[in-house]
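**Student:** Below, each chain spelled out in residue letters.
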Amino acid sequence: AQTVTQSQPEMSVQEAETVTLSCTYDTSENNYYLFWYKQPPSRQMILVIRQEAYKQQNATENRFSVNFQKAAKSFSLKISDSQLGDTAMYFCARLSGAGSYQLTFGKGTKLSVIP
Amino acid sequence: EPEVTQTPSHQVTQMGQEVILRCVPISNHLYFYWYRQILGQKVEFLVSFYNNEISEKSEIFDDQFSVERPDGSNFTLKIRSTKLEDSAMYFCASSRDSYSYEQYFGPGTRLTVT
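Residue numbers (our numbering), protein chains in the order written: chain W, 6 to 120; chain F, 17 to 130.
One chain only, chain W, in its complex shape:
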């Protein structure tokens, strides 16, 4: 089975600091898509950022950016200037580019932003 691994079950960061969440994945495909989803305590998952595997440039969305290392199959999320509203579960997910729309999720990292 092709898996997504998040090795940090819990992390904490001081408000205004920077934190990096790790994700590695397994795939035999050359084209695929990677996502980070945020699930606040209200439990609705929100898409934070996406990365197409064929793009070398790392995706950025405001305070959120990724470090995509295709050869290492690594896709980490960096949150700059952390805010209290960033407290949530963060899920890394992969979607196959071979005509499948099935998202494969990691177990998640619980991030707490401390005032």
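Hints were generated in silico from the structure; no laboratory data involved. No incorrect hints appear here.
The calculated DSS-like cross-link candidates involving lysine-lysine, where the alpha carbons are at most 30 Å apart (straight line), are:
(1) 60(W) with 58(F)
(2) 112(W) with 78(W)
(3) 73(F) with 115(W)
(4) 73(F) with 78(W)
(5) 115(W) with 78(W)
(6) 83(W) with 58(F)
(7) 75(W) with 115(W)
(8) 58(F) with 115(W)
(9) 58(F) with 78(W)
(10) 99(F) with 112(W)
(11) 58(F) with 99(F)
Since the structure of chain W is provided, determine the placement of chain F on it from the hints.
**Tutor:** Quick look at chain F alone, frame taken from chain W:
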């Protein structure tokens, strides 16, 4: 901003009963999905649906499960005879088309089977 909605937010049922979970995807989206998350575990794919038929399903999605788009707005997941192990959070998601790979999730329905 349009959102995926789900009802009910919490459903309690007895083992062996049928349940129907309802979802209203974003209106111009064409692909629909169900996922589930057993407490403390990963979010798992159940099924995807396009053009009024199932396009993919996982091993979890056995004969006890079915999906339907009964009208132009609703997308339902039916569990025919619930088991204790069906207790989970069920998430509906939708995406716009085959070129947009972003899936938008609803808030989920917590199903408790007693």
